[in-house]
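**Student:** I would like the entire structure built from these sequences, with the hints used as guidance.
There are 2 protein chains.
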Amino acid sequence: MNSVIQAQEIILAHSQRLGIESVPIDRALGRVLAEDVAANRNHPPYDVSAMDGYAIRHADTAGATREKPVVLKVVDDIRAGSVPECAVATGEASMIMTGAPVPDGADAVIRVEDSRRRSHKGEHSKEEYDSDVDIWAESPPGDHIRLMGENLRLGDTVARAGDAIRPAEVGILAMVKKTEVAVYRQPTVAILSSGDELEDIHEPFDVAKIPNANSYTVMAQLQAIGIRPVVLGIARDTPEHLKEKLLEGLKYDVLIISGGVSVGHHDFVRPTLKDMGITMHFWRVAMRPGHPMAFGSTEKTSVFALPGNPVASMVCVEEFVVPAMRKIMGFTKLFRPTVEAVVGRSVKDKEGRMHFMRATLEKGADRTNVVTSVGSQSSGILMSMVNADVLMLVPASSTGLNEGEKVRVQLLVGSDFQQQPDLEI
Amino acid sequence: MNSVIQAQEIILAHSQRLGIESVPIDRALGRVLAEDVAANRNHPPYDVSAMDGYAIRHADTAGATREKPVVLKVVDDIRAGSVPECAVATGEASMIMTGAPVPDGADAVIRVEDSRRRSHKGEHSKEEYDSDVDIWAESPPGDHIRLMGENLRLGDTVARAGDAIRPAEVGILAMVKKTEVAVYRQPTVAILSSGDELEDIHEPFDVAKIPNANSYTVMAQLQAIGIRPVVLGIARDTPEHLKEKLLEGLKYDVLIISGGVSVGHHDFVRPTLKDMGITMHFWRVAMRPGHPMAFGSTEKTSVFALPGNPVASMVCVEEFVVPAMRKIMGFTKLFRPTVEAVVGRSVKDKEGRMHFMRATLEKGADRTNVVTSVGSQSSGILMSMVNADVLMLVPASSTGLNEGEKVRVQLLVGSDFQQQPDLEI
Chain A
4 MNSVIQAQEI
14 ILAHSQRLGI
24 ESVPIDRALG
34 RVLAEDVAAN
44 RNHPPYDVSA
54 MDGYAIRHAD
64 TAGATREKPV
74 VLKVVDDIRA
84 GSVPECAVAT
94 GEASMIMTGA
104 PVPDGADAVI
114 RVEDSRRRSH
124 KGEHSKEEYD
134 SDVDIWAESP
144 PGDHIRLMGE
154 NLRLGDTVAR
164 AGDAIRPAEV
174 GILAMVKKTE
184 VAVYRQPTVA
194 ILSSGDELED
204 IHEPFDVAKI
214 PNANSYTVMA
224 QLQAIGIRPV
234 VLGIARDTPE
244 HLKEKLLEGL
254 KYDVLIISGG
264 VSVGHHDFVR
274 PTLKDMGITM
284 HFWRVAMRPG
294 HPMAFGSTEK
304 TSVFALPGNP
314 VASMVCVEEF
324 VVPAMRKIMG
334 FTKLFRPTVE
344 AVVGRSVKDK
354 EGRMHFMRAT
364 LEKGADRTNV
374 VTSVGSQSSG
384 ILMSMVNADV
394 LMLVPASSTG
404 LNEGEKVRVQ
414 LLVGSDFQQQ
424 PDLEI
Chain B
4 MNSVIQAQEI
14 ILAHSQRLGI
24 ESVPIDRALG
34 RVLAEDVAAN
44 RNHPPYDVSA
54 MDGYAIRHAD
64 TAGATREKPV
74 VLKVVDDIRA
84 GSVPECAVAT
94 GEASMIMTGA
104 PVPDGADAVI
114 RVEDSRRRSH
124 KGEHSKEEYD
134 SDVDIWAESP
144 PGDHIRLMGE
154 NLRLGDTVAR
164 AGDAIRPAEV
174 GILAMVKKTE
184 VAVYRQPTVA
194 ILSSGDELED
204 IHEPFDVAKI
214 PNANSYTVMA
224 QLQAIGIRPV
234 VLGIARDTPE
244 HLKEKLLEGL
254 KYDVLIISGG
264 VSVGHHDFVR
274 PTLKDMGITM
284 HFWRVAMRPG
294 HPMAFGSTEK
304 TSVFALPGNP
314 VASMVCVEEF
324 VVPAMRKIMG
334 FTKLFRPTVE
344 AVVGRSVKDK
354 EGRMHFMRAT
364 LEKGADRTNV
374 VTSVGSQSSG
384 ILMSMVNADV
394 LMLVPASSTG
404 LNEGEKVRVQ
414 LLVGSDFQQQ
424 PDLEI
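As given, the protein sequences belong to chains A and B, one line each in that order.
With this note's numbering applied, the first sequence covers 4 to 428.
With this note's numbering applied, the second sequence covers 4 to 428.
Keep in mind that the hints were calculated from the coordinates and are not lab data.
Hints are supplied without guarantee of correctness; some may be wrong.
It does not matter which identical chain is meant; a pair holds if it fits inside one copy or across any two.
[To be verified] Pairs of lysine-lysine residues, derived as DSS-like cross-links and limited to a Cα-Cα distance of at most 27 angstroms, are as follows:
#1 330 to 366
#2 409 to 366
#3 71 to 353
#4 277 to 303
#5 303 to 330
#6 303 to 336
**Tutor:** Spelled out as C-alpha cells, the structure:
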C-alpha cells in the first residue's frame, strides 16, 4: 500500500499545468504569472524629492541650528507632476513637494518640518517667491532625494513567469501598466457524491438518510485556494446513473468523487470507472483517516475518489487534492505549512498508517507550540474538524506520543490571523 | 504622536459591525456567522456501521483466528440508506455497508478484510443469503459501530454567531441543511488616489508622471481578505475635483484615500476633508514607513488617508486597514500572525518610531527562524515588498539589531503553503 508521500508523488506526477490565459489586473491576485514582465519606464523618471520641503545646496546648510538658522531665498515652487522653472543657486531654495523633480543646482532636500517660511501668507503665489525661508537643519548631500530609476529601471525584469501574484506583485503590474497579464489557467473542477444513502442539501428531510456534507466541504476547501468548483450532486447506486454523472464529470479537468469506492462497496463502481476509460493508479493509502482514497486519470481528467467519511474526505483534500491543484495552477509551494510542537496530552496510536489527528495548537509557556488532540478521532465526526485548527502528524511507525514529546503539526487555516497585534518580542 | 498600538486602538474603536445579511452556502466561506445554528437531526439517525463488513454478535467471534476462523450464516445484506430485514441471532451475520443501520441483535461489525464469503458468486442476490462467511478476527463489543447522534445530536448548537466560516463549518452547515446562512455584512470599500503627479493604469504614458500603483496594491490587499473594493481613480489637485471624488467615496462604508495628506502637501486637502464633514482623529503615526497616515470618520464612513509611498501604503493597510476590515466583518482575530526569529544580518535603525523592515524569513540550522532585511528600506521601492515575505518589527526604542538578536516578525502571506510536505519531525 502506498504511503502518504508515495501517493502524493503519484498524484503530482499526473498533475500538470493546463496552459495560459490572460486576466485583467483586478483578477490577477492569487494566480501564477505565465510571462516575464519588464519595467516600461524609469521610476522615478528623474531625481525627485522624497519629502515636502525645500530643494537646496547642502553646503548652504552647514552649521544651521534652530538657534542660528540659515536664511535662503525661495525662488520656485515645484509640485509633483510639474517641471522646475529655474535652477537653485547658492543662497537659494526651491519649495518642493514629495515626488516633484529636483531642480538643477540643488543636491539635497530639507524637510518642511526643519524650516519656517518668513511669510506664510500666499505661500503658493508667484508674488511670494522673493520671500525667505529659515532652515535649521544641516543636510548631507543627496538627503531626501530619490534617484532616477531607484524604484524601477527601464527594461529590468520586475516579475517572472512562475511568480505567485501577491498584492505587491499587483502593485508592480500596475506600476508598469500591465492591465492584462498572462497567468496559468485554473483547473475546472467537478464534485460528485455517490451513494443511495445520501440526502442532498436541497432534498426533503428523510431520517434514514445521511446529509451530503462532503460535496460542500470539498467545495469550500477548493474555494479556499481560489478555485470555483461545480457541485454535480449525487450519483445514485446504479451503473446507469453513475455512468451518466461520471460522463458529466469527465468534461472537467478534475473530477472529485466523494464516497462509493471503499473495498466491497457497490461492486459496480470499479468496473464502471474502468468502462469510462479511467485508469486507476491506486485505491488505498496507508493513512488514518483516509485509507480508502483512490486516484485515477483519463487523457484529460484527474479523478480523485475520496473516502465517504467527512473528516477522512477533508484530510485527503488537504493532503492530496490541494497540492495537486496548486501544482496545476503553477505554484511551486504546494503544501500546507507545518510547525514543530510539543504534545500537550499523551495520545495512543496504532502502528502501520500515518495518522492525521485533529488537534488544536496553542502557545504554552515561553511561547512553545503545544498541540492537543480534540478527543474523538472518529472519522465520521465532522465536528472534530470544526474544533481543530491543525492536524497532528503521527508517523506510521508510532504507537503513540507522550506528553512533552515533539511532533510535527500541519496548519489548516489558509489565511492566518491572530487575536492580538503581538508586535513586541 | 500616536504609537502604532494607539493608532490601531483609535481605528478599531471606530470600526463596528455593519449588520447582518443572508448568503447561500456556496458563498459563505470566509464570512462570520451572525446566528447560532442547531442540529436539525441526529446523525447517525441510529447506530450504523463504520465499515463495510458483517454485523455480528461479538461473542460469536471469540477465539477466531486466520487458522481457525468462525463460520457464521449470512442472513441479510444491509446497504446504506436501507433498513435491515431481520435481526442477527447467535451464529448469524448480516452483510453491512458503511453507514447502514446495525440490525437488532448485532453488537459489533467485522471488517470485510477480516472475512471471506464462502460463495462469492451472486454475493448481493437474495438467493445467496444462506451462504456462510468465515471470520478470522475477534471483535470487541461496539467495534466499528457509530452510535446514534455521535456526529450530530438533534438540537445541539453546531456553530455559533461569531464563528469564522471555514471549510469544516461549511460542511456542518450542509449537514444541517442550512442552504442560506446569516453572516455579518461585508463593508463596501472605495479606493481613491489623489495627486496631479499620478498617471492611472489606463491613461497614456507620460514620462513626468508617477504610475498609480497604490490603488491596485490596496485593492489586492483587500481582495486578499475577501473584500471586493471599488477603485474610484484619481482625484486631481483642485478642491472641486477632490470634493467631487470624496462625495462619491463617502457613499461607501469605508473610503481609502491614497496620498495627498502629508504635511504641507496641497493645503486644500485638510480644509476639504473638514468641509465634507469628515472628523479626523489623527494625522500621523510614530512608525516607519507610514508616518503620514491619517484616520477620520463621518457618521457613515471610516476614512483612511494612506501615505503616498507605495511601501508605506502597503504597511499601513496591513497594520491598520486589515484589522479594521476584519473587525467590521465580525472576526475576533484581526492581526497578521507573528513569529519569533533571530536577526540574520545586523541592521541599524533610528530611535523614536517603530520600524516595519521588509525582510525574508528562512529556516536556519535546527529549524530556527532567521530573518534578513531585503536591503534598501526606502519606502518608494515597491520591489522591496515583492522581495519580502515578512516585516521585521523593530521597536521604537531600538537603535538597531545585531546579528543573532531575537526579534518579532510579522507574516504577510495570507495563505501559507510550503515547498515540501515536511511531514516528519
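**Student:** At most 27 angstroms between C-alpha atoms: does residue 303 with residue 336 qualify within a copy, between copies, both, or neither?
**Tutor:** Result: close within a single copy only, 24 angstroms intra versus 42 angstroms inter.
**Student:** Give the relationship of residue 71 and residue 353 under a CA distance limit of 27 angstroms: within one copy only, between copies only, both, or neither.
**Tutor:** between (81 angstroms within a copy, 25 angstroms between copies)
**Student:** Checking an output row: residue 330 and residue 366, CA cutoff 27 angstroms. Within, between, both or neither?
**Tutor:** The answer is between: 23 angstroms across copies meets 27 angstroms, while 32 angstroms in one copy does not.
**Student:** I want to check one pair: residue 409 and residue 366. Are their C-alpha atoms no more than 27 angstroms apart within a copy, between two copies, both, or neither?
**Tutor:** both (14 angstroms within a copy, 18 angstroms between copies)
**Student:** Is the C-alpha distance from residue 277 to residue 303 at most 27 angstroms within one copy, between copies, in both cases, or in neither?
**Tutor:** within (15 angstroms within a copy, 61 angstroms between copies)
**Student:** If the cutoff is 27 angstroms on CA atoms, where do residue 303 and residue 330 land: within, between, both or neither? Let me know, please.
**Tutor:** within (16 angstroms within a copy, 44 angstroms between copies)
Violated hints: none; the structure is consistent with every hint.
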